[in-house]
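Trainee: Sequence:
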Amino acid sequence: MSGQAPQHQRPPRDNSPSVRGFRPTTELSREREVYKYLHAWTSLVRPQSLHRAAFPDDDAALPTPEPCGDTALTALTQLCALRMHARRAMVSLVSAGVEYILAEATRTMSLQYDTTEDLADILWLGCCCFPRTDGLNDLALDRWRKAATYRDTAVAPRHFFKEGCSEHWCVVSDVTESPEYQERAFAQRASNLRFYCSIPLRGPNGAVLGALSIMDDRPRYGVSAAEMLFLEDSADTIYEHLQTSFVRSQQQRSESFIQALGLFNCQKSSLRDWWIGRDNDRIRKSGRYHVEVEPSPQDQQDRADDEFGKQEKAGFSVATERRQRRTDSEVREDHVDGVIPTSPTSESNANASTARIRQGVSGKDFTPSTNNPGSHQAEFVGETTSETGKRNRPRTRRAAASAEKMKKRRETFDLATAIESTYARASNLVREAIHGEGAVFADAKAASAALRNRRGIKTGFVPSSGEANSSDAGRDNTLQNPSDLYLDSGVNSMSEGDKSDSLSPKRICTVTGFSTRSRSILHGPSSAHRFALTEAELRRLIRRYPTGKIFNLADSGAIYSSSGDSDVAASEDASDGPKLPASSARRTPVSSDAKRLGEIMVGARTIAFYPIWDDASELFSSVLFVWSNTPMRYFDQSVEMNYLAAFGHSL
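Here full-length UniProt numbering is used: position 627 in the sequence shown is 627, and no number is missing along the way.
These are computed hints drawn from the structure, not numbers from a lab.
Among the clues, some could well be false.
What the hints assert, rightly or not - With a straight-line cut-off of 25 Å between C-alpha atoms, the simulated BS3-like cross-links for lysine-lysine are: (1) Lys506 / Lys595; (2) Lys146 / Lys162; (3) Lys162 / Lys36; (4) Lys595 / Lys36; (5) Lys310 / Lys268; (6) Lys506 / Lys445.
Based on the provided sequences and hints, a complete structural model is requested.
Mentor: Structure follows, in structure tokens:
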């Protein structure tokens, strides 16, 4: 049959902005997208060796490679090696300074266990990372970022993409003959690397997330048009897999959010028990070659510590003390002579009846009863007949016992301890649900009252965007040591009637609850730590961000946008263009606030600030700070902030 074979035309992605081209992004925005998918993928797969350095500094042997735990991604990578008739293939994500190898696959390796049919197909690097400048993809990344659209697929069927680098691919026929590539550690430490080909993994807006790389131990002339088209289709499929991982991660996070809210309302303080049960189910479903072993308590504890952090015990626990006090109270109540077990509804009605009798107020109990309805009214008017007295004696004894129980509860109830316990549980559950480094509740009544007194703030007042972002020249710099993180917990906060004049610029905020991966108020007061935020600074934060704010920080000090690609001015200065001196750059209130909070929460890469409004007092009763130190995690306005708002309403 004669004639030219029909050409396959690439349809535009459903989630592409349009066929007109890619949306330009800064390097900060690109890196944020990389970490978005990398964090989601690692939270699901949990690779133990991802952050292991692939190439030691000296000439020591390479570490033992660890296979990827994501069998679906490994299968896609292996398919590329098979279709390209190559020795191995790799999938990697590339940040500003590090290249992460997510999956490496060879043609005959097993997807379920560590074995190969061909000795030459053993893994070389496995799941690991190395500096971006050690890899070969670094030489092509800048070219890839300049692409305005997808590659035009209208080429002749016999066309070959020969050695070179373009905006859509990188082909090296023989690495040993290319000094530019040979000087990289990736090529120097490879045992037999000759042919190398890679194409970019692109996000929905064309941002370069990483690369799909093909390697062989024999030189090649190039890549055919059909092979290039297959690699591009595979790269799109791999991106869709990463997007699916992101969605699954969001679903799991939402499940943790809901579970934490439920546990908080049930007077619980941790997600650990629930998480261990779910993780045990995950291990049991890990594949046909998994050996069923009953997890030991120590193994479960170690896994929970790795997930949520290991707490330093201090010998005192608010939650433990509260449970012990409740248990002691219940034991004493059980020994009250003549108490007849009742339902909670009947018991509450009995308490109300006792109060009405004591105050001489007539009333009616609407609790369903088999007795004559007139008996209830006889009880209130004080009938003295023998029959009525006998019929109502059990209820009278029950009411007296309930009154005695309420009296004992009032005697043992400590409001300060109850508030401290509530905030302690809330801070720990919020931190565990968000998987953050720490969470701090600070008292905001004094700062909120000062704002109301000074400016006449009405209920629910929200500053305008211009007012909320106005700079404050009175920012005080004589603060506590930035390394001091926490203030002694306490509830001796200023009342809403206190005057704003008492807000000294150096007065430190009162912390009502805090939890980090190593310390928590649940396990004892922290007298050696301080949260060095002044009430004057807190007042400014509330005034500028009454509905909350997320600060995403980069290593350079630039600020990521909490959503989208429109970063603040500092972010643009840190992108591809020439960098201006810090003194000449215009500092915005957002960047100033982010810098200050970064000094308090040392090492934080993302910080969420949320004021909690109290309708009863018409004030912000407290504020919540949550932060994470991992560069792979960035809070999102539509996810974490909405959850903090829901948790704030529960308080």
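Trainee: Of the hints stated earlier, which fail here?
Mentor: Result: hint 3 breaks, nothing else.
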